[in-house]
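Participant: Here is how the chains run, residue by residue.
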Amino acid sequence: MHDNPKNGDFRLRILLAGTGGQGVITAARLLSEYFVRKGDQVLSAQLHGMAQRGGAVQSTVCVNSGISPALPRGGADVVLGCEPVEAARTLPYVSADTVVFINTAPIVPFVLSQNYVLESGSSEYPDLGMLEESLRAATSRVYPLDATKMAQEAGSLKTINVVMLGCLFGAGVVPYPSQDFIDTIMVLAPPNLAETNTAAFRMGVEFAESLNVVEQAS
Amino acid sequence: MSHPVLKDAPGASICMLGNHAIVRGALEAGLQFFSCYPGTPSSEVGDLLARVSKPAGVLFEYSINEKVAVEVAFAASLTGARSMCGMKHLGLNYAGDPISTMPYVGVEGGMVIVSAGDPSAITSPNEQDQRHFSRFLYYPVFDPATPDDAYRMTRYAFDFSEKTRLPVIMRPTTRVCHTSGMVEYGPLPQSRNEIRFTKNPPRYVPIPVNARRMRKELIDRFALAEELLGQSGFFPRRGSGTMGVIASGVGYAYASEILDELGLYDRVSLLKIGAYPIPETILSEFLSSVESVLVVEELTPYVEEIVSLNAFRLGRSIPVYGKNSGHFPVEFEYNPDMVEDAIRKFLQLEPRTIVEVALPELPPRPPVLCSGCPHRTSFYLARKVFGKNTVYVNDIGCYTLGYGEPLHSCDVLLCMGSSISQASGIARTTGKRTVAYIGDSTFFHSGLPPLANAVQANDDITVVILNNYITAMTGFQPSFSAWESQYPDSSNNGQKDRGIVLLDAVKGLGVKEVYSVDPFDEAQTLDAFKKAKSSKGVNVVICNSPCAVHRVRVEPDGKRAPYIIDQEKCNACSLCVRVLGCPGIVVEDGVYFIDASMCDGCDLCAYVCNRDAIHQVEVPEHA
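Going line by line, the protein sequences match chains A and B.
Going by our numbering, the letters in the first sequence line up with residues 1 to 218, in that order.
Going by our numbering, the letters in the second sequence line up with residues 219 to 841, in that order.
To be clear, the hints were calculated from the coordinates, so they are not data collected in a lab.
Note that the coordinates shown come from a computational prediction; the quantities given were computed from them, not determined experimentally.
Honestly, I wouldn't trust all of these hints.
Here chain B is said to cover these stretches of chain A; the calculated rule only asks that three of the stretch's residues, wherever they fall, bring their Cβ under 8 angstroms from a Cβ of chain B [said to hold, decoys possible]:
{"id": "1", "stretch": "26 to 40"}
{"id": "2", "stretch": "67 to 78"}
{"id": "3", "stretch": "105 to 111"}
{"id": "4", "stretch": "128 to 140"}
Sample of chain B residues lacking proximity to chain A, with all beta carbon distances greater than 10 angstroms (derived) [said to hold, decoys possible]:
{"id": "5", "residue": "344"}
{"id": "6", "residue": "347"}
{"id": "7", "residue": "776"}
Subject to a maximum C-alpha distance of 27 angstroms in a straight line, what follows is the list of computed BS3-like cross-link-like pairs (lysine-lysine) [unchecked claim]:
{"id": "8", "chain 1": "B", "residue 1": "606", "chain 2": "B", "residue 2": "751"}
{"id": "9", "chain 1": "B", "residue 1": "749", "chain 2": "B", "residue 2": "602"}
{"id": "10", "chain 1": "B", "residue 1": "606", "chain 2": "B", "residue 2": "650"}
{"id": "11", "chain 1": "A", "residue 1": "158", "chain 2": "B", "residue 2": "777"}
{"id": "12", "chain 1": "B", "residue 1": "725", "chain 2": "B", "residue 2": "748"}
{"id": "13", "chain 1": "B", "residue 1": "225", "chain 2": "A", "residue 2": "38"}
Cβ coordinates follow ideal geometry from the N, Cα and C atoms, glycine included.
When you get a sec, could you build the whole thing from the sequences and use the hints?
Facilitator: Written out as structure tokens, the structure is:
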């Protein structure tokens with residue numbers, strides 16, 4: 001996709017989604033800092049104001065993309081959905097060209113344990129297959145993974161966001177080697193988490209590399 | 219390691235939050251004094267300055283409210299200091315009295331009021347357009363489209379303020395405040411304004427005889443402001459076409475990116491409005507060169523009406539499209555799709571072909587009171603005593619989340635500090651005891667006068683002060699409420715011994731019946747509510763318990779052991795879920811259990827359970 005990238009000669013719009021506490025905003029900050037260090041122009045925005053514990057959070061990281069802080073419909077090149085329902089919520093920004101990674105481990109919204117009833121009459125967490133299918137209606141490039149399990153194996157549930165970032169790099173859409181990003185984690189993340197973060201990141205990279213995302217598209 | 223905002227690195231390209239870019243702009247302009255009251259989406263301005271004010275040599279305070287913040291900053295400016303204060307849009311209204319006359323008196327050191335706007339009312343009870351303060355009270359208002367604009371405009375604004383002697387308003391909206399973008403640093407200042415107050419009463423005292431003179435001078439100074447803005451570079455024009463697009467704020471960011479993609483600058487001319495008053499020379503030149511105009515601006519049709527008026531004065535009968543023409547809605551934020559659709563309609567281009575994909579029905583994740591939040595306990599116990607027919611008036615803070623199921627503790631709400639006055643009004647007309655809830659920070663912000671007012675009127679109200687010792691909703695800024703246990707960063711402005719003891723304050727206002735309780739001591743709290751309910755006149759119950767989230771952050775041993783549900787005893791009656799709404803209690807397939815990672819160990823669910831099925835996990839004694 002990018003044989004010999006010069007800084008600034010590619011455009012990449014990444015949408016991260018999850019729930020409060022999953023590290024969506026931290027992941028966006030890491031990515032932003034990474035691309036800035038590479039010499040790219042970065043614009044990153046939080047799309048929801050009230051990110052209380054457990055609330056829905058969306059963040060964009062737009063690289064070499066202009067000055068608009070919000071994505072147009074279908075404007076995401078990559079979606080990193082840290083939670084299934086939150087991944088599905090990004091659907092308006094998904095086009096036929098969008099690559100979507102979904103962590104399949106649900107975080108059940110608190111309202112569903114509190115006698116809350118959806119308009120459909122259901123008070124159950126939506127069916128995982130249905131959530132994936134709704135995204136597949138927009139793009140064929142939907143890749144589910146159990147990032148929560150991988151994060152656990154890496155040593156901390158707090159690294160779900162880093163597993164998802166690994167997917168981004170493993171998918172071949174970032175024109176820089178993934179090792180570079182590990183260097184950024186080493187500098188910016190707490191030193192005591194460096195090993196765990198690296199392991200989580202590598203799991204994401206390996207998962208996405210096995211999919212041949214870019215070849216499938218071309 | 220010092221914060222990147224302090225870096226003396228001219229030419230460095232840094233990706234920074236819009237609110238932080240404002241701080242950098244102010245530091246490069248030689249900021250000397252800063253005050254604020256937190257409010258989303260403005261809070262990060264003050265929170266960053268709280269961290270860097272000492273090394274940056276800036277006098278800093280979290281003020282008790284916005285009126286005080288503006289007044290201290292303005293007075294600092296009168297001594298020559300470059301001053302800034304921060305607040306959200308509603309805070310500017312609270313400071314309405316001082317800001318009305320400040321332009322008359324005029325500044326010495328440059329003064330910038332950062333008042334962040336919240337289109338779509340994402341974290342506010344209303345949306346409003348502070349740009350009107352420009353014509354209403356003679357304020358130059360800056361309207362940044364990006365973090366970089368916010369940085370450059372703030373840096374520019376101090377010198378501009380000194381030249382015109384006008385205080386200025388910096389009005390970023392949520393999408394600018396909470397967006398991180400590239401900023402290219404300039405140098406930090408070599409010198410700063412000299413501090414000196416020279417007595418000159420005719421200049422600083424707007425008694426009528428002086429005010430009338432100031433009024434005339436103000437018109438001249440505002441005209442100078444317009445002239446200077448004409449040379450500021452904040453009104454760039456792109457393109458040479460006769461289809462004019464005029465855009466401000468984040469609307470400009472959307473419009474310029476869409477026009478870039480469409481590549482139509484031979485047909486279109488784009489004019490950016492970066493500040494108000496809009497220099498008439500710039501606008502007239504633009505309007506003379508186009509045949510029709512589309513205005514892209516959020517909130518009110520402010521620019522649109524100025525454009526129409528200007529075109530009329532020029533004798534140009536060109537159509538002006540925008541909100542009045544239905545190209546855009548009057549209310550709420552814009553988004554790129556809305557702007558693209560309007561631009562295509564304006565340019566008579568084909569509408570975009572959108573592949574409609576149905577969004578499945580997804581459960582919402584509304585904000586809730588945290589597990590372990592002392593407000594939940596206070597609400598639950600008060601309602602147990604006062605019952606469902608009492609009117610509960612609530613106020614602005616986390617405790618607004620007492621609204622609706624299952625706590626039903628918010629029947630009326632208006633603005634900061636209004637709970638006590640509204641309870642007075644309701645109690646006086648209905649003749650029924652009314653309950654007001656207010657947090658400690660909000661009480662000090664604007665609850666003191668209405669409480670004194672209620673005492674004078676002898677209203678039958680019970681004021682419940684939810685004292686969590688912190689301004690939690692906006693990000694844990696310090697409160698004025700004194701805290702015995704002296705958390706490292708919670709006492710006001712680092713002045714550990716200067717907090718105010720709520721009990722003393724309430725008694726000092728003349729309240730005779732005051733109870734100071736720990737809401738997690740249920741018996742004591744119920745007893746206080748019962749006494750309060752059965753007596754006459756004003757009484758106050760102060761519920762003292764630290765914010766659960768903040769306590770765990772600052773106290774190494776703050777985490778209490780979680781509770782568990784004994785499945786042998788639990789009969790799935792659902793009472794705990796029905797009355798508490800604690801996110802730590804989870805129901806799966808009819809089985810009730812507590813998520814240990816969420817549980818704060820507060821004991822309320824154990825207190826509520828009729829079957830004694832909930833117990834704290836036993837932990838070994840502290841070593």
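Participant: Work down the list of hints and note, for each, if the structure agrees.
Facilitator: Results of checking the hints against the structure:
| no. | hint | in the structure |
| --- | --- | --- |
| 1 | 26 to 40 | holds (count 4) |
| 2 | 67 to 78 | holds (count 9) |
| 3 | 105 to 111 | holds (count 4) |
| 4 | 128 to 140 | holds (count 5) |
| 5 | 344 | 14 angstroms, holds |
| 6 | 347 | 18 angstroms, holds |
| 7 | 776 | 16 angstroms, holds |
| 8 | B:606 - B:751 | 13 angstroms, holds |
| 9 | B:749 - B:602 | 13 angstroms, holds |
| 10 | B:606 - B:650 | 13 angstroms, holds |
| 11 | A:158 - B:777 | 19 angstroms, holds |
| 12 | B:725 - B:748 | 20 angstroms, holds |
| 13 | B:225 - A:38 | 20 angstroms, holds |
In summary, the structure agrees with every hint in the numbered list given earlier.
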